[in-house]
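One-letter residues, chain by chain:
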Amino acid sequence: MSVSVRIPPVLRAHVGGVKVVQMSGATLGEVLSALVVAHADLREQIFESDGALRRWVNVYVDGADARHLAGLETPTPAGIEVVILPAMAGGSR
Amino acid sequence: MTTKGFTEVDANAAQQLLASPERPILIDVREQNEWDAGYLHGATHAPKGTISFAIANIAPDKSAPILLYCAGGVRSAAAAETLAGLGYTNLRSMAGGIKGWSEAGLPVVETTTLTPEQKSRYSRHLLLPGVGAEGQAKLLDARVLLVGAGGLGAPAALYLAAAGVGHLRIIDFDVVEASNLQRQVIHTTERVGMPKVESAAVQIRALNPDVQVEPINGALTVDNVASLLDGVDVVIDGTDTFEARYALNDAAVKLGIPVVHAGVFRFEGQLTVLAPGRGPCYRCLHPTPPPPEMAPGCGVAGVLGVLPGAIGVLQATEALKLLLGIGEPLIGRLLLWDALEGSFTELTVQRDPHCAACGSAATAKGVQS
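From first to last, the protein sequence lines are chains A and B.
Going by the working numbering, the first sequence opens with residue 1, and the numbers climb by one from there.
Going by the working numbering, the second sequence opens with residue 94, and the numbers climb by one from there.
Simulated from the structure, these hints should not be mistaken for laboratory data.
Ideal placement from N, C-alpha and C gives every residue a C-beta, glycine not left out.
Stretch-level coverage of chain A by chain B, calculated; a stretch enters the list once three of its residues show a Cβ under 8 Å from a Cβ in chain B:
no., stretch
1, 61-67
2, 82-89
Subject to a maximum C-alpha distance of 20 Å in a straight line, what follows is the list of computed SDA-like cross-link-like pairs (lysine to any residue):
no., chain 1, residue 1, chain 2, residue 2
3, A, K19, A, H39
4, A, K19, B, P389
5, B, K141, B, E101
6, A, K19, B, F437
7, B, K192, B, E124
8, B, K141, B, G131
9, A, K19, B, G395
10, B, K155, B, A171
11, A, K19, B, R359
12, A, K19, B, E439
13, B, K192, B, Q109
14, A, K19, B, F360
15, A, K19, B, E386
16, A, K19, B, W430
17, A, K19, A, S2
18, B, K97, B, E174
19, B, K155, B, P140
20, A, K19, B, L440
21, A, K19, B, A432
22, A, K19, B, L428
23, B, K155, B, A177
24, A, K19, B, G435
25, B, K347, B, S453
26, A, K19, B, L397
27, B, K414, B, P369
28, A, K19, B, M387
29, A, K19, B, D431
30, A, K19, B, E434
31, A, K19, B, A394
32, A, K19, B, Q363
33, B, K141, B, T175
34, B, K347, B, I424
35, B, K347, B, T381
36, A, K19, B, S436
37, A, K19, B, T438
38, A, K19, B, L433
Required output: the full structure, derived from the provided sequences and hints.
Set out below in structure tokens:
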């Protein structure tokens, strides 16, 4: 089951500069685990040491915040899009 | 429907129609000077001579109910005949006109307070359904706080000033640098070295003397944020520090003031409206700030100059929608723009019931950013 994972610009250096990677997994947790296995540098950026999502990283499954769905247990049927989106700096300077 | 293709109604029947669920589109077909002296609440102005051109914008649907009036009922009957000839099928003309309306003791005749100069300057707004003289008067009475006169604040301030938002309070602690000019179009080469808020004030006054600018050369902090928000209707968040953003959020939540939030990075931007009580606040989205390396500013990461320009103008657009009470503000929706892909993505964002700032047990007063 292939899921598109959209990587935010600030993390793209860790995945070879691409915007979207294809991952497999029946749940968001499985998809993100596969992602950090494939791109080990991302683990520390996305996950706390206890395996929870870092609080400043928001993850959207099919356009909705996974924290308001079932978190890492949120199902990820094939073809769905996962968006990883950390807080973005502003534009004053 | 008569053979003329429209029906005549008297003032009392007109008032009942206007109060009914199938409220007709109300069109005043008199000349400008008559309109200026007073018009009916909710009316759109389209002088009889121009109505055959103006009608497509006012009523794209030819079966929509339309009620026309003039001074005494003659010109509105003629205008109704014109519209019937164009295929409009649900037309009424108010017999007796606005004169009969007033004589029947009916209320709410409004006068526009715009000066002749303002009518000329804002003429494109005055033509717009949903804006008009009433909307323009709202904008002229409005007060917007712009936090930052940089990449986002510069374009937002220019367009809000052009739109005639009457009072712009701008806070920024920087001076104009040459490296700003690639995107911060409110500043100029000769004003390099000047405090940004002063440079912005010069440009805004040159663009629109209707706008009162209140430049504040300094930083937004937890200590001054409440006074900065005093009397403000909408905030444009163009901050680039998370300390300022959280301080702004917590105070705006307490005071119930909507914040148009945005962020930019290289070729991508994001935008949402944080409206207290109607959608999430910034802490609902991001309860804790990221470490600095996760959210580098434009000075570190670079940014395509037009990117904050476009996002800043979208912020101004959202602010105008909020001030005018029109459209669907981006409340509970986070809009992402990827300039290189040329794609917009919309994400749903929700309130966090446990949010430290706006949740049921909010403790924002003691929250540390």
